[in-house]
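Visitor: What follows is each chain in one-letter form.
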Amino acid sequence: MIPVQFYLVISTLLFFIGVFGFISRKNLIGLLMSIELILNAVNINFVAFNRYLFPNQIEGYIYSLFIIVVAAAETAVAIAIIMNVYRRMGNETVKSIKELKN
Amino acid sequence: MDYSQFLLMKPEISLALTLIVLLIADLFMGEKSKQYFQPLALVLFAAHTAINFCDCCGGSCMAGQSEAFSGMYITSNIHVFVKNMLNVGTLLVFLFSFEWNKKENKEHIAEFYLLMMATLFGMYLMISCGDFLLFYIGLETASIPMATLVALNKKRNESAEAAAKYILTAGFSSSVMLFGISLIYGSCGGSLYFCDVVKNFTAEPFQILAMIFFMAGVAFKISLVPFHLWTADTYQGAPTSVTAYLSVMSKGAAAFAFMVIMWKAFSNIDVKSTFVSWTNILWWIIVITITVGNIFAIRQKNLKRFLAFSSISQAGYIMLGLMSGTAEGMGSMVYYILVYLFTNLGAFGIISNIEDKSGKVGMDDYNGLYETNPKMAVVMMLAMFSLAGIPPFAGFWSKFFIFASAAQAGEYLLVFLALANTIISLYYYLLVVKAMFINKSDTPIATFKSDKMSLIGITVCTVGFLFLGFISQIYEQIIAWSFGI
Amino acid sequence: MEITSIAPWILLLPFLMFIFLGLTAHKFSGQTSAKIGTTAFGIVAILCYYVAGRYFFGNFSVLDANGFEVFNKTGEIYNQITVFNWTWMQMTENLTIHIGFYLDPISAMMLVVIATVSLMVHIYSYGYMFEHGHFDEGMSRYYAVLSLFSFAMLGLVLATNIFQMYIFWELVGVSSFLLIGYYFFKPAAVSACKKAFIVTRFADMFFLIGILILSYHTQTFDFDQLNADNAKHVLDSFSITDGSRGITFLGFPLITIATFCIFLGGAGKSAMFPFHIWLPDAMEGPTPSSALIHAATMVVAGVFLVARLFPVYSFAAPEVLNAICYIGAFTALFAAIIAVAQTDIKRVLAFSTISQIAYMMVALGVARFGNHESELGFTASMMHLFTHAMFKAMLFLCCGCIIHCVESNEMSKMGGLKKYMPITYWCFLIGCLAIAGIPIFSGFYSKGEILTACLENGYTAIYVVMTLTAGLTAFYMFRLFFHIFHYEENPEYATSHHKPHDQGWQMTLPLIVFAVLTVGFVFLPGFNNAITATRTYMEMPTNWTVEGISIAVALLGIAIAFFLYYKKNEKPANIMAKCPALCEFVYNRMKIDEIWYGITRSFIFGVICKSIAWFDHNCIDGFMNLCAWITQKVSLETKDAQSGNVQQYVWVFIMGVVTIAFLALY
Amino acid sequence: MSSYEIFVIVFIMALVMVLGGSVIGLLLSPKSKNNQKGEQYESGIPTRGTSWMQFKVGYYLIAILFLMFDVEAVLLFPWAVIMKGMGVEGLYAVSFFLVVLILGLAYAWRKGALEWK
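Protein chains in written order, with my numbering: chain C, 23 to 124; chain S, 26 to 510; chain V, 105 to 770; chain D, 374 to 490.
Note that these hints are calculated values from the structure, not bench results.
Errors might be hidden in some of the hints.
[Claimed, not checked] Label-pair ranges, simulated between beta-carbon atoms:
no., chain 1, residue 1, chain 2, residue 2, range
1, D, V447, S, T468, 55 to 65 Å
2, S, F441, D, F469, 52 to 62 Å
3, V, A332, S, A445, 46 to 56 Å
4, D, L478, S, V301, 47 to 57 Å
5, S, D295, D, I435, 36 to 46 Å
6, S, I76, V, T143, 46 to 56 Å
7, C, I32, S, K385, 47 to 57 Å
[Stated by the list, open to error] List of simulated lysine-lysine pairs, DSSO-like, C-alpha gap at most 30 Å:
no., chain 1, residue 1, chain 2, residue 2
8, S, K382, S, K57
9, S, K385, C, K120
10, S, K385, V, K336
11, S, K382, C, K123
12, S, K179, S, K474
13, S, K289, S, K35
14, S, K400, S, K465
15, C, K123, S, K477
16, S, K459, V, K131
17, V, K131, S, K477
18, V, K290, V, K177
19, D, K457, S, K179
20, C, K48, S, K385
21, S, K382, V, K522
22, D, K457, S, K127
23, V, K290, S, K459
24, S, K326, S, K382
25, S, K385, V, K139
26, S, K179, C, K120
27, S, K465, S, K180
28, S, K35, C, K123
29, S, K180, S, K326
30, S, K59, C, K123
31, S, K385, S, K289
32, S, K459, S, K474
33, S, K459, S, K382
34, C, K117, S, K326
35, C, K120, S, K326
36, D, K457, S, K131
37, S, K474, V, K131
38, S, K35, S, K128
39, S, K180, C, K117
40, C, K123, S, K180
Note that this is a predicted model, so its numbers are computed, not measured.
Every residue, glycine too, gets a C-beta built ideally from N, C-alpha and C.
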């Protein structure tokens, strides 16, 4: 059987890929996708922990379901806001939201 | 299933009912009856506030804390009190935004109220949570509608930009927090109930790592440095009443929840190093937060931005209440939030009032305000004094109590640094006073008559921050309620 | 009338006046507000006199907390009476904050001082501000703040506990801030009011720390409990015994730290070195308010604070009293030297105020409980507080008249004013004689007692310094006096179409009242009957040697001033040129001149004064400015951190997490 | 929990990769302020117009709504698994959930979000 650490490795990599993506992408949608990567890392964690460490519970699965739902809600709102940004600024790169500063 | 446990959730249920009634009302109100929506919402929400307030004060006091849904939901007097505080604050924000809604926000009046209440509902859950999952859901329920509220002013670029920044950073921070929670889940025995987590929390490096991830996510909400960068931009871009809401309610609720979780889930009494580990971290965060907030506040020219940084440093002061972990600590923190609520909302009430009438929010625009609108200027000055903690205003007392509680925990150096910082803060709060009273302006803001709703709100706030300090019963009652939590 | 029914009005009336005048600022004309304010304060003053009079000479009783009757006097001893004491805040079971009304000899005396000076200033300001013409509109504001100040000051001296005192202490600071910045169109006034506020706030921080330490250990704020039975409660709480200094912190006894911190708060208000920097700048405010706040009442709050806690200091922390007397002596000399070199008449008075307050501090510092000799300093200090309040207020008000005529603060614009303003002339002369310590005038008695106290208690070095300062005081005050009223008449006066003249009755009446008080001080009932450390009659030792020396020194100072400044002359300049020949030719006289010239003019003026002024200006002011500058700079430099780039925000976020994790784990 | 050591190692490695990557990028990348840098296809054919406008806004609106309601159906899944065990109480709870959901849908409908304009 694949040991639980392997899942942890995957989820950690995924987490940091998400962070890296958030920092380096130009497109706001890209940023949003990076957040989703991080959330997926979290979900992997939950499911893997549940399966390997506490096999007679189902809490971990339920958590990941909730996370998926909430993340979807968040994404929906974020996309709506990004569309608004696009309409107002004419593009949807991170550069377009740099007016408020100092 | 025991249905009587729903009775414990009275505040949530009455808020949810208000929300649903308003939603349905909005659905079926015709074009003509639209104008009645706003009064209806105000009245309903006021009723909700009043009912809960009476319930809180009217003797239905619980002894100790009660749990519902096998520990998922926790409530006690102090929880209910904090919820009532938030109710009052939200009502004040509604009062301030009445005129703005009528004029600038005609098309989205219903959304404004519904989303506000939805956020409030999220905060309720956050406060009463007994489990990380409920906390997360509460947090997101509070923050997602918040983002739409920030973006409510669709015609302004700033609003859109602020909302985008808010939702992206909030999403990021909550996912980082979730990563922490998932690690806690794995390392603390496969349960996310606070009572289970704390049993297995032994401050191993892995657990501390998880805890830090979690703390970062909450600290983002309270806007502690270095997780504060979104604050100023969002505050500046958002509609003023939303900014007021963000700066007080969102912060207060998150701070309270933060406190409860840190002491419930991460402080294993048997293992002393558990709370040593996070109080040390918090120590540094508090010092940096207060200082950075102060330093950035000094050169702000936009009042909303200015108050954003001031609220960052105030958040640092609020966190002082966490250090002691006693009933006094919790009581002084709740008291601080209460005073801060009135003071900051008073300041924002005036800013939003002036913005409605003249469209100006720059500090230079306030030059000579005393000449044209003396009452506004005086109230603003008093609010600034209270924020700076000059006796005998309530702000002084709240600072005093929270310092005392931290000193009780032996954090003398921290209290000293915080005290030293109040001197810097005095400087920039006086800048506003100076602008209004001393600077002359060729084009001062014209004399105006404010609408009744804002006047009521501002009066309530003024009375609040002037006299809260003198009514010692409130503080004593809060302390009494905080025992045993 | 019952004291208990009158007492609340002493505090309430000024406060209600503040609110009333503040709210109606735009409804009434300035004159109306002034009349209302003055009338109201007149009533307050009458109440104050009544209460103080009943306390000192009458006989009455009030019920204390336990329901016992307490009389103002048992036998010869005056009791400390808590007229009323409302519970304000219950901190813990034992620790309660009250707000109340506390009568004992020193607070009763302060009632008289505040009532007199404040009433006079109310009257005087009517003339001063009104004739200033263009300021009619701000007058309501001015009178409102005056009322606020009177309220705060009365609350401060009547405080039953140290916390109430602290609150009124801050309120006094706020009203002082508002008054200094009254001429808000003058940048100097604005920066001065900010400076005053921030410097005193800085000192107040120590005060608060001191209060917290003290009350944390004693579990009380009440003066009654702190001072009772030779401060026994304090000694017990800090477990101080004959052999040990009790609880320590960082190697210092905690009681020393606490009491010293409290003293630092007092030093800030009373402008002791190095917190004195705000007072000269505070002269930017209207002159009447300077007379009230920065000469007579607020600045002595620090002295009052130490006197109020005197048993605690004397029994629990005598080393702090030592420190106080050395700091005081240094400040006295330092300020006197600087005063010599000033040309702005209000600044001369400001430095002289610093110096005189330092006298009071020194007197307190040398005093101890014990016998009549050792307790003398306390009475001397309180006496000097009283006399100084009267004559310094008068001097300031005279300055106000002069500035009003000449429309300048500079000495060089004045001279020969004697024939134009006789009343002011005589009043100013009386003030100068009093401050110089010439017999018959009030200052002589109080200053003499202070010097005696220094000598009798073995502080010989301090005695010498203080005597020297007395001489310097006489010199610079008469330098000022001669410069203003004699010297050379400014030719502009004769040609000017409104010649300098004595002002209207509102402005001369207060001068005359103060002059009468200063001359008639000797006829007042002796301070040693009541205002003593033990609150009972005390023998006042008179050391004629000390008195003689102090008179001689004062006369010497006056003589030098007379010689140099009575008439316009070239002496100061000429002596320089003729110096060698003249010195040899008329040895005796020239030697004095030479020493005077060589040491005083070139050395003291050129080297010491300048360097001290430089130190004052560059180091102490500079330090404060540096702090402000650094904060500003840091603020500007860090703005890149808030770049508006959302990705950078997240970068900082994640770096924050990593750093914290790193720090927490290793 | 020594078995987590590998996790810590990978954690640090990942950290180094991310931080290192961005730092190296910061150091090595030539700084050019050219406008073309910001374009989607840097040395390709300049994009004409915007690709966004090819879809109607209504498309996004409906897509977002679909996403919401679709995902919320996920919450029915755990209930479906243990439907029998929960009995009638579970049914009430889920009915309440569905009512709220339907209220949301009604709201969207009423506000005209579903109309294809």
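Visitor: A separate judgement is required for each hint: does it hold in the structure or not?
Guide: Do the hints match the structure? See the list:
1. Checking the proposed 55 to 65 Å range against V447 (chain D) and T468 (chain S) shows it holds: the Cβ atoms sit about 58 Å from each other.
2. Checked against the given bound of 52 to 62 Å, the beta carbons of F441 (chain S) and F469 (chain D), roughly 54 Å apart, stay inside it.
3. The hint said 46 to 56 Å for the Cβ distance between A332 (chain V) and A445 (chain S), and at roughly 35 Å that hint is violated.
4. Between L478 (chain D) and V301 (chain S) the CB atoms are about 51 Å apart, so this pair conforms to the stated range of 47 to 57 Å.
5. At roughly 55 Å, the beta-carbon separation of D295 (chain S) and I435 (chain D) lies outside the given 36 to 46 Å, and the hint is violated.
6. Distance hint check: the CB atoms of I76 (chain S) and T143 (chain V) are about 51 Å apart, consistent with the given range 46 to 56 Å.
7. For the pair I32 (chain C) and K385 (chain S), the supplied restraint of 47 to 57 Å holds, since their beta-carbon distance comes to about 54 Å.
8. Distance hint between K382 (chain S) and K57 (chain S) is fulfilled; the C-alpha atoms sit about 27 Å from each other, no more than 30 Å.
9. Proposed proximity of K385 (chain S) and K120 (chain C) is supported: the alpha carbons are some 22 Å apart, at most 30 Å.
10. Our distance criterion of 30 Å between C-alpha atoms is broken by K385 (chain S) and K336 (chain V), whose separation comes to about 61 Å.
11. Annotation: proposed proximity of K382 (chain S) to K123 (chain C) holds, straight-line Cα distance about 26 Å (limit 30 Å).
12. Restraint check: the Cα-Cα separation between K179 (chain S) and K474 (chain S) comes to about 28 Å, which is no more than 30 Å; the hinted pair holds.
13. For the given pair, K289 (chain S) sits about 23 Å from K35 (chain S) by alpha-carbon distance, which is consistent with the 30 Å threshold.
14. For a cut-off of 30 Å, the pair hint linking K400 (chain S) to K465 (chain S) stands: about 17 Å separates their Cα positions.
15. Between the alpha carbons of K123 (chain C) and K477 (chain S) the distance comes to roughly 35 Å, so the proposed pair goes past 30 Å and is violated.
16. For the suggested pair K459 (chain S) and K131 (chain V), the alpha carbons sit about 24 Å apart, so the restraint of at most 30 Å is met.
17. With a C-alpha separation of about 23 Å, the suggested pairing of K131 (chain V) with K477 (chain S) holds against the 30 Å cut-off.
18. Only pairs whose Cα atoms come within 30 Å are accepted, and K290 (chain V) paired with K177 (chain V) is rejected, the gap being roughly 52 Å.
19. Straight-line distance between C-alpha atoms of K457 (chain D) and K179 (chain S) comes to about 48 Å, which puts the hinted pair past the 30 Å bound.
20. At most 30 Å may separate the alpha-carbon atoms for a hinted pair to count; K48 (chain C) and K385 (chain S) exceed this at roughly 34 Å.
21. Only pairs whose Cα atoms come within 30 Å are accepted, and K382 (chain S) paired with K522 (chain V) is rejected, the gap being roughly 59 Å.
22. For the proposed pair K457 (chain D) and K127 (chain S), the alpha carbon gap of about 51 Å is over 30 Å, so the pair is violated.
23. For the given pair, K290 (chain V) sits about 13 Å from K459 (chain S) by alpha-carbon distance, which is consistent with the 30 Å threshold.
24. Distance restraint check for K326 (chain S) and K382 (chain S): the Cα-Cα separation of roughly 19 Å lies within the 30 Å cut-off, and the hinted pair is therefore satisfied.
25. Between K385 (chain S) and K139 (chain V) the alpha-carbon distance is near 39 Å, which puts this suggested pair outside the 30 Å criterion.
26. The suggested pairing of K179 (chain S) with K120 (chain C) holds, with an alpha-carbon distance near 18 Å, which does not exceed 30 Å.
27. Under the criterion of a C-alpha separation no larger than 30 Å, the hint pairing K465 (chain S) with K180 (chain S) is inconsistent with the structure, at around 33 Å.
28. Restraint check for K35 (chain S) and K123 (chain C): not satisfied, since their Cα atoms lie roughly 43 Å apart, outside the 30 Å limit.
29. The hinted pair formed by K180 (chain S) and K326 (chain S) meets the criterion: a straight-line CA distance of about 23 Å does not exceed 30 Å.
30. A distance of roughly 38 Å separates the Cα atoms of K59 (chain S) and K123 (chain C); the hinted pair therefore is violated under the 30 Å criterion.
31. For the hint linking K385 (chain S) to K289 (chain S), the alpha-carbon distance of about 45 Å lies beyond 30 Å, and the restraint is violated.
32. For a cut-off of 30 Å, the pair hint linking K459 (chain S) to K474 (chain S) stands: about 23 Å separates their Cα positions.
33. Between K459 (chain S) and K382 (chain S) the alpha-carbon distance is near 22 Å, which keeps this suggested pair within the 30 Å criterion.
34. For the suggested pair K117 (chain C) and K326 (chain S), the alpha carbons sit about 23 Å apart, so the restraint of at most 30 Å is met.
35. For the given pair, K120 (chain C) sits about 18 Å from K326 (chain S) by alpha-carbon distance, which is consistent with the 30 Å threshold.
36. Taking the CA atoms of K457 (chain D) and K131 (chain S), the gap is about 49 Å. The hint is violated against a cut of 30 Å.
37. Proposed proximity of K474 (chain S) and K131 (chain V) is supported: the alpha carbons are some 18 Å apart, at most 30 Å.
38. Restraint check: the Cα-Cα separation between K35 (chain S) and K128 (chain S) comes to about 35 Å, which exceeds 30 Å; the hinted pair is violated.
39. For the hint linking K180 (chain S) to K117 (chain C), the alpha-carbon distance of about 19 Å falls within 30 Å, and the restraint holds.
40. Note on K123 (chain C) and K180 (chain S): the hinted pairing holds, with a Cα-Cα distance of about 20 Å set against a maximum of 30 Å.
When held up to the earlier numbered hints, the structure conflicts with 3, 5, 10, 15, 18, 19, 20, 21, 22, 25, 27, 28, 30, 31, 36 and 38 and fits the remainder.
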